[in-house]
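Novice: Protein chains in written order, with this note's numbering: chain A, 235 to 293; chain B, 1306 to 1825.
Read the hints as simulated data drawn from the structure, not as lab findings.
None of the hints are false.
In the EDC-like style, the derived pairs of lysine to aspartate or glutamate whose C-alpha atoms are separated by at most 16 Å in a straight line are:
1. A:Lys-249 <-> B:Asp-1733
2. A:Lys-289 <-> B:Glu-1583
3. A:Lys-249 <-> B:Glu-1741
4. B:Lys-1585 <-> B:Glu-1545
5. A:Lys-277 <-> B:Glu-1613
6. A:Lys-277 <-> B:Glu-1545
7. A:Lys-277 <-> B:Asp-1552
Note that the structure is a prediction, hence the values are computed from the model and not measured.
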Amino acid sequence: MEKQSTFGNADLAKKMAAQFGTNQETVKVEMRYAKEVETFIRKVEEAHQKAANSKLVFR
Amino acid sequence: MPCLDDHRKAAAEGVETFLLMPPFSFFDFIETRFGDYDSIRRIFSLARSFHAESLVLENIQPCGIVAEENEDIRQLFPAYSNTGLLRLSFWKRPISTADSISLLANDDFVGYAIVKRDTPSGDASSQWHVFEAVFPKYDHAHNCVPHPQTYHLAVDGQIFAIKGLLYCQQNGLNKACAQVAIRSLLSRILPEGDISYRRINEIAATIKPGFNPQLGLSVPQIRQIFHEVGLLFNDVDYSENGGLRKDLPYQKFAYAGLESGGGALVGFRLTGRNLQEEAKHIIPIYGHTFNKDTWAPNADISYFRIGENVGYVPSESWTSSFLGHDDNFGPNFCIPRLYIARDKVDYVMEIFRPGVCYSGVLAEALALAILYSLLPCLTGSANKWILRLIQWTNKQQVVFRAQAMTRDEYVNHLQALQDWEGNKEKTDFCTFLVNEMPRFIWLVEISTPQLFPANERKLGEIVLDATRKLNLGENFSHNDVFMFARLPGSYLFGGDIVGDNPQFTPVPSELLSHTELSRL
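I would like the entire structure built from these sequences, with the hints used as guidance.
Specialist: Right under this line is the structure:
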């Protein structure tokens, strides 16, 4: 299977494993809920961007 | 960088001392000296609550940011005069003469207020207000104020220190609720320890030249002030999109801000018999109560959904009240978390701790995706806590608590942890790890509704790099910010993505079961 990119810091994983060992085989993970989390994060970011044009005044 | 606290260290021109035991009456004292002011009454009520036994009252000269404020008001009201400036300090030890002040120590210090009388145009216009006040949080273990600031005050020439969060009140001349709320929160975060109203208003004027500061600040002005002082934030204006009140509740952002030490601003609409028109008010939030027996987490209302089918129990479920100031009424109030109705809240700003680039709310969402993906791959684990965590995850009964930390704070926390059997992490592991971590992280603690409130313990954490902005472009990715997951018995470090599946490298941990939550 072709290697695409990394999740986190692969070099750190290698360093830590070399220094302190591993206690299991590498765990391959299917990322569930990635779409839900992306949608949620985009909603938060969109709301933040829109607040730049807010007409609210507090006094 | 110079500290902006000259006004707290102003020389006294006259010193009076008062013993506060009965029959001394604060009601009589306030009415005689000031008149009828809710905020000043609140200051004295706090002093009583802390069992203050003496009051030192000093007449002081305006200096530092107080003198600057007077100059600015005079620009707006040429006949303006600052007709009173008092430093009130409250003490646990009874002292009856100014000579006894030398006997006082920081442990005796209950709190202080600098109260100011402004006369913009003749005696009839005179008004007192609390320029600033600091009282500590109550000793009660259920009151939590992350990262309190230490303020230094001169009393009869001696310097005393007190921890708390600055309260400030508007005067309707050069500052409204927005300016004072911002100063409260920034005094804790900025390296110079305070910000002047002149600077706040000068920055606000860059957005709207010639604006009148007594009319408050708009959201774009508030945002510009935070940009100018180099702080990042997340904010939501609910007034333009009411649907966001349900999907992105203000309580989540307020809680994320206060837990990380930046605090939050909450803006809402006031209605009432005495208001001729709807008013918009904003207050600073900086702490919370922790109510371990609260019923709320058992109810669906406390469950936070990221999407249709995925959610978790946020740690703020055990918060009954936010701690905050209301400049109209005074400092250090408990504001019930569910009291300000969602439909009354128009605005929230979560302020990030300096060095942090994205919201604690987003950190929890990322942690959820990582944990809920990782655990199904660990069903073969021999650790019973992993197996329990899998069961709770299947029911989505997992508690997340996001904390912004420096790497040193995290590694000190990790070194101090002890699992239920008394095991501790290896020192060389912690020493090695600290050199590989970014300066600021999000520590998203993982717990369960049984463990979190009763024992204040957790099963591990997801650690994210807080110093990188999330990639929100077309190729959305949060891969870069993941550091590692710590679960009972194992750390899981990220690695290559093969196909669409990330590979995690397990490294053994000495911590085999639950450990203490972090406390900053």
